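Protein chains: 2
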Amino acid sequence: MDSPRSPGRPRSSVDAEIFAATLRTVHELGYTRATVDRIASAAGVAKTTIYRRWPSKGELIAACLSDAVGPLPASTGDPREAMATAIRWGAAKIGQPGIGAAFAGVFTDAVSDAALREVLVTQFQDPYRIALQDILGLPEKRVLFIVDVVIGTLLHRMGISGEPMVDDDVDTLIDLLGPLVA
Amino acid sequence: MDSPRSPGRPRSSVDAEIFAATLRTVHELGYTRATVDRIASAAGVAKTTIYRRWPSKGELIAACLSDAVGPLPASTGDPREAMATAIRWGAAKIGQPGIGAAFAGVFTDAVSDAALREVLVTQFQDPYRIALQDILGLPEKRVLFIVDVVIGTLLHRMGISGEPMVDDDVDTLIDLLGPLVA
DNA sequence: CGGTATCGATACCAGCGGTAGCGAAATGTG
DNA sequence: CACATTTCGCTACCGCTGGTATCGATACCG
Chain A
1 MDSPRSPGRP
11 RSSVDAEIFA
21 ATLRTVHELG
31 YTRATVDRIA
41 SAAGVAKTTI
51 YRRWPSKGEL
61 IAACLSDAVG
71 PLPASTGDPR
81 EAMATAIRWG
91 AAKIGQPGIG
101 AAFAGVFTDA
111 VSDAALREVL
121 VTQFQDPYRI
131 ALQDILGLPE
141 KRVLFIVDVV
151 IGTLLHRMGI
161 SGEPMVDDDV
171 DTLIDLLGPL
181 VA
Chain B
1 MDSPRSPGRP
11 RSSVDAEIFA
21 ATLRTVHELG
31 YTRATVDRIA
41 SAAGVAKTTI
51 YRRWPSKGEL
61 IAACLSDAVG
71 PLPASTGDPR
81 EAMATAIRWG
91 AAKIGQPGIG
101 AAFAGVFTDA
111 VSDAALREVL
121 VTQFQDPYRI
131 ALQDILGLPE
141 KRVLFIVDVV
151 IGTLLHRMGI
161 SGEPMVDDDV
171 DTLIDLLGPL
181 VA
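Protein chains in written order, with UniProt numbering: chain A, 1 to 182; chain B, 1 to 182.
One copy or two, either will do: identical chains are not told apart, so a pair holds if it fits within one copy or between any two.
For lysine-lysine, the following DSBU-like pairs were computed, each having C-alpha atoms within a straight-line distance of at most 30 Å:
{"#": "1", "residue 1": "Lys93", "residue 2": "Lys141"}
{"#": "2", "residue 1": "Lys47", "residue 2": "Lys93"}
{"#": "3", "residue 1": "Lys57", "residue 2": "Lys47"}
The set of hints was computed from the structure by calculation and includes no laboratory data.
Keep in mind it's a predicted model, so treat the numbers as computed, not measured.
Model the full structure from these sequences, guided by the hints.
Written as structure tokens, this is what we have:
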């Protein structure tokens, strides 16, 4: 199942360093100024190595985010509490250095790039939506709406103010969405 | 008050054509591929003419959006109905061709550009927030939160699906935010 | 050993946002 | 009319960016 065939020199295991350098660079310089050249040199790696592993800057950032955010943690059976936990978890993730900016950047790249948009949907939208559907027991459209509200609100606040949402506003958001799972 | 002094050749009144060409180009090609060169040639104008009127691509798009969206229309005195009207108005505006994509693009440019971010805040955030505060009679922080939820949700849906929100979801959003003005 | 694939390095390309400099065309003023 | 002033379109240019091509060197497998 794992590596049935591998002729030739194996890939050096520097994915973690590349991901770390990506987040660090985006955090320091913002999405646009975090060029692939800079990310590569921050990771101690040649630019060609990055392009051998990911086909574009957008997909590199998406993979980096996927690695950094990880799957939705398991939660209690109570739907309302589960949604509150999920929202708090998402707000904390987006607030981590570099993640919010990277997300906003790759998101807006995706508006003009159908291929990247599909990567985003299959790599983020679908897994979290399915996990939430499982936990909350709601139809797909309703869960998609909740995702739009939560992620959209968090990203908008992050982009405008440069700071993640305060706990107080996250609580307000949770209270607001409560009726949708009742 | 108007043009007290004007030596030299006056500016040709092509702002409207430039704005129209900008929206059209963004709608057809997306924010990134809507280059200033293309916008200029679509408007029948030299690129230098555009840069003589706006200092950057981001500020051109912001001015174009400001012109296209316009001020929040007056509304009834009932806060709840006023908010519903405002949300529906915003959803309709963001759904118009080019506007949603332009907004998402300039928004994410602003994440990496403090100057553009300030233009965005003073040109959009402040006026609509103040108008809403006036109508809804709520404190600034609460109105800012509402703006984050509404604009964030609309832009996220627009960016992911490429289509504006359906009326059904807009109604759900309105119902959701109802408690905040009660 | 040979075959294969990755490595860093370098050079390169097209396209982008933005600027400089040109002569020509409009204006108001004397 | 001449003149100063400003904008016009045009062309050329700059630095940077995402992305590609090519190279010899290196690491693995059989």
